[in-house]
Amino acid sequence: MDIFYPVKLLADWLTFGLFAIAPETLLGETVNFFIYDTVKIFILLAVIIFAVSVIRSFLPPEKIRFILSRRNKYVGNVLAALLGIVTPFCSCSAIPLFLGFVQAGIPLGTTFSFLVASPMINEVALVLLLGLFGWKIALIYIGSGLVIAIFSGIIIGEMSMENLVEPFVYENTVIAKTKLSEMQWHERFAYAKDYTWGILKKVWPYILIGVGLGAWIHGYVPTDFLAKYAGADKWYAVPFAVALGIPLYSNAAGIIPLVSALTEKGVAMGTTLAFMMAVTALSLPEFMILKRVMKTKLILIFAGIVGAGIIFTGYLFNLILG
Amino acid sequence: MSDKTTQIQILGSGCTTCKNFFELTKKAVEELKLKTAVEYVDDIQKIVALGLMSSPVLVVNGKPALVGFTPDIKKIKQAIQDNL
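Protein chains in written order, with the working numbering: chain A, 1 to 322; chain R, 1 to 84.
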């Protein structure tokens with residue numbers, strides 16, 4: 001049973017009833033597709049972001065730091081990547097998180113596992129993957145994201161690159177103990193409601209544009225149109241997609257719907273996954289901000305390792321799913 | 001309660017969200033009719049020294065009053081008043 005069947009009925013009624021567009025025409029199909037996808041995505045966004053925010057209210061960064069500071073490095077990398085899923089990540093918090101973790105004695109590698117997973121596996125991306133690609137692709141995305149985050153962190157940890165962190169980071173290790181008051185349930189719900197509303201307000205234009213363009217492509221671009229440029233047999237498609245993803249961070253909400261339509265027109269699934277991972281995990285503004293606490297060389301190494309992981313994932317799934 | 005001793009700071013990393021928060025706080029202070037300037041502090045070490053790891057932070061008289069961005073000016077005003 002499809003739980004979105006009522007949405008389908010609504011989309012059908014709006015398109016063919018209210019707007020009186022003839023079914024089985026290109027326009028009818030495009031409008032129907034647009035309404036169905038938009039309504040479905042907004043319902044999923046509201047429900048999932050709310051749920052994730054409630055979970056998150058139990059895990060403020062200060063608590064995560066406490067959890068991570070008591071683990072050895074390999075367990076720490078795995079935990080850091082997992083905790084990265086539920087935390088929101090705004091590039092504004094990249095530096096305080098980095099300083100807070102490292103100064104509390106959390107190994108550099110563990111810190112990097114968190115820095116990779118946190119933006120890459122975020123609730124908005126998850127909702128869009130779930131709504132537009134289905135749960136299998138969403139799970140593949142989470143799984144590969146975790147593996148990349150864990151291994152990038154372990155590699156950086158093994159390379160002992162503490163000398164590439166700005167010296168002031170290690171000079172300050174006195175951290176005030178802030179007592180965080182335990183939240184009440186009604187406060188958790190209020191927080192979740194505010195957070196969900198805030199995200200929806202921020203992403204809705206991108207989603208409308210993304211789904212709109214996607215619907216247009218769905219209706220008007222011939223199937224397999226892109227296969228000859230970006231099919232699974234085109235070796236250059238994956239690195240090209242990753243390079244393209246680096247400057248696009250702020251528009252992740254609009255890009256995923258667009259990409260889902262492109263997949264339908266012949267872009268291989270692995271290439272699509274690699275592109276979405278690059279959009280979320282490799283962000284130029286975040287790199288600029290990180291320059292304040294680490295040397296450019298370390299940022300390049302970090303981007304290089306994560307980038308290589310993403311490219312590998314792209315080829316792997318082109319091979320498996322292609 | 002004298003305004004002379006009130007010190008209101010925004011600790012941020014210089015990102016757009018932090019700047020927006022700074023502007024909102026200035027507006028909140030104006031609406032509360034406090035005779036104090038809001039200061040923007042770009043030193044992230046200060047955030048960490050307070051034991052916090054999110055930015056921006058609203059600091060009233062040296063104490064963290066609000067952590068993380070909120071677009072809700074009523075909450076900003078409330079946080080300032082609670083910590084005066």
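It is possible that some hints are incorrect.
[Unchecked claim] No farther apart than 30 Å at their CA atoms in a straight line, the calculated lysine-lysine pairs in the BS3-like style are these:
id	chain 1	residue 1	chain 2	residue 2
1	R	74	A	202
2	A	63	R	35
3	R	19	A	202
4	R	35	A	201
[As the list claims (entries may be wrong)] Reference excerpt, derived from the structure (chain R facing chain A, CB under 8 Å, subset only):
id	residue
5	13
6	44
7	45
8	47
9	48
10	53
11	54
12	62
13	73
14	79
15	83
Note that these hints are calculated values from the structure, not bench results.
Don't be surprised by glycine CBs; every beta carbon is placed ideally from N, CA and C.
Do the hints match the structure? See the list:
1. R/74 - A/202: Holds, at roughly 20 Å.
2. A/63 - R/35: violated (37 Å)
3. R/19 - A/202: Judged against 30 Å, a Cα distance of about 17 Å means the pair holds.
4. R/35 - A/201: violated (33 Å)
5. 13: holds (5 Å)
6. 44: holds (5 Å)
7. 45: holds (6 Å)
8. 47: holds (5 Å)
9. 48: holds (4 Å)
10. 53: The hint holds - residue 53 of chain R has a Cβ within 8 Å of chain A, the shortest such distance being about 4 Å.
11. 54: For residue 54 of chain R, the interface hint holds, since the closest Cβ of chain A sits about 5 Å away, which is under 8 Å.
12. 62: With Cβ-Cβ at 11 Å, over 8 Å, it is violated.
13. 73: violated (13 Å)
14. 79: Hint on residue 79 of chain R: violated, closest Cβ of chain A at ~14 Å, above 8 Å.
15. 83: This hint is violated: residue 83 of chain R lies away from chain A, its Cβ roughly 14 Å from the closest one there, beyond 8 Å.
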